[in-house]
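Top line first, the protein sequences correspond to chains A and B.
With the first letter of the first sequence counted as 1, position 55 gets the number 55 in the numbering used here; the numbers rise by one all the way through.
With the first letter of the second sequence counted as 1, position 5 gets the number 1005 in the numbering used here; the numbers rise by one all the way through.
Please keep in mind that the hints were generated in silico from the structure rather than gathered at the bench.
Mixed in with the good hints, there may be bad ones.
So, partial list: chain A residues that the calculated Cβ filter (under 10 Å) puts toward chain B [unchecked claim]:
#1 P6
#2 G34
#3 E57
To give an idea of the interface, some chain B residues facing chain A are shown, with a C-beta separation under 10 Å as derived from the structure [what the hints assert, rightly or not]:
#4 T1033
#5 L1125
#6 T1143
#7 A1147
The beta carbon of each residue, even a glycine, is placed where N, CA and C say it ideally should be.
These are the residues of each chain, in order.
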Amino acid sequence: MCLAIPAKLVEVHGNEGVIELAGSRKTVLLTLVGDARVGQYVLLHAGYAIEVIDEAEAREVAALQRTVFEAEEENQ
Amino acid sequence: MTAASKIEDARTALARWAEQAGRPLTLMEVCGTHTMAIYRHGIRSFLPPNVRLISGPGCPVCVTSQGQVDQIVELSRRSEVTIATFGDMVRVSGSASSLERERARGADVRIVYSPHDAVSLAEALPSRQVVFIAIGFETTVPTEAAAVAEARRRGLRNFTILAAGKLVPPAMTALLESGELELDGLICPGHVSVIIGSAAYEPFAANYHIPCVVTGFEPTEILDGLAALLRQAAEGRAEVENLYGIWVRPEGNRKAQELIHRMFRPGPSTWRGLGAIPGSGCHLRDEWREFDAAQRFGVAEGEAPEPPGCRCGDVLCGRLRPYECPLFARVCTPENPIGPCMVSTEGSCAAAYRYGRERSE
Chain A
1 MCLAIPAKLV EVHGNEGVIE LAGSRKTVLL TLVGDARVGQ YVLLHAGYAI
51 EVIDEAEARE VAALQRTVFE AEEENQ
Chain B
1001 MTAASKIEDA RTALARWAEQ AGRPLTLMEV CGTHTMAIYR HGIRSFLPPN
1051 VRLISGPGCP VCVTSQGQVD QIVELSRRSE VTIATFGDMV RVSGSASSLE
1101 RERARGADVR IVYSPHDAVS LAEALPSRQV VFIAIGFETT VPTEAAAVAE
1151 ARRRGLRNFT ILAAGKLVPP AMTALLESGE LELDGLICPG HVSVIIGSAA
1201 YEPFAANYHI PCVVTGFEPT EILDGLAALL RQAAEGRAEV ENLYGIWVRP
1251 EGNRKAQELI HRMFRPGPST WRGLGAIPGS GCHLRDEWRE FDAAQRFGVA
1301 EGEAPEPPGC RCGDVLCGRL RPYECPLFAR VCTPENPIGP CMVSTEGSCA
1351 AAYRYGRERS E
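Work the whole structure out from these sequences, hints included.
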């Protein structure tokens, strides 16, 4: 139930944002984080961003997820 | 570095530190999402023979008391009430019924993805009383608090919550104080930590001399976390290590913490398997009382016995492995679950059933 996923913010309108995830766009609430900017990455839980980081930091996450993806490919 | 070599490095590190520790070691993960990932990726197959990994009370649906499930069922029976809930709760059985069975009998039960959706539902159904079942740990409680604040902002008089949120550190204290388990390390809940911060575990490292690690949910992150715990044990250290620093700050998410504090006061809460734990429940403060479904509908949480033969309480505290329960996979299956640990996708029993018993050992 505490599942949370990272996603890139592509629009910000006050307390609402739009994220892009796997090619689709979705509205998220930014009530629980401070100033979030377009281009940053949010950690999404139950429709709310619960944390926000800069793109540079998020690249590490992306790199990590790629290695995991490779591992799963290798296992198949 | 490829994933395969990362995993091989982790395996080498686990073997090295386990050997150096030179004694049996028991580690516990306290997060249902970790439990699921550990079974899914067969993490236990990487553990050296002297290391045991057990699951703690990390699944919010599973730790909800039987009396509270009965309370939820009771609320759904009110003709004016529409229940809005996270999906996992629907199939959990109370003493006599579940939301699923009540829905078949005509109760209005809706699954929502976000507490915010429950607020919008109330606005769309002005003739109904929408009750959101606000279960969850620190990760989820701020989203529920934000939804209640939004309901007040919109002036909704037909939205309430069943305030059933739970706090993890008091449960960890209760588990350690019980003296039933000799734990040599804790994998702290990753996304709870985003909110409460890694510093929240310092008292556990200091007072119980227990190594703590905050880590992510990918296989390499979990393996690195386990290796860090074994290393601390081998070197006789007990510290909080944060390997999930990309999302977890020592102080956590202050804004979310303030919102929790503004709306809820800590009070007693009953956990399946652990009983009543002081300060572990999120009770609505007086100034938010109008949003309290238990008060509005006069439905209290009573005491209720566990389903006959069900050992979820023992599984949740790491006293029993899922397959050690006599009902596991014989009477209790995901299609016909007896206890909540087989219902929730994050329950230890559901994970053990889905990903195989042998693989888990």
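Hints versus structure:
Below 10 Å, beta-carbon pairs count as interface contacts, and P6 of chain A has one with chain B at about 8 Å; its hint therefore holds. At its closest, the beta carbon of G34 of chain A sits 6 Å from a beta carbon of chain B; the interface hint therefore holds under the 10 Å criterion. Look at E57 of chain A: its Cβ gets to within about 6 Å of chain B, closer than 10 Å, so that hint holds up. For T1033 of chain B, the suggested interface contact is upheld, since its CB lies about 5 Å from the closest CB of chain A, less than 10 Å.
Here the hint on L1125 of chain B is broken, as its CB sits about 19 Å from the closest CB of chain A, past 10 Å. Interface hint at T1143 of chain B: satisfied, since its Cβ lies 5 Å from the closest Cβ of chain A, which is below the 10 Å cut-off. Annotation: A1147 of chain B was flagged as interfacial toward chain A, and the flag holds, the nearest CB pair being 9 Å apart, inside 10 Å.
Hint compliance for this structure: hint 5 is the single one not met.
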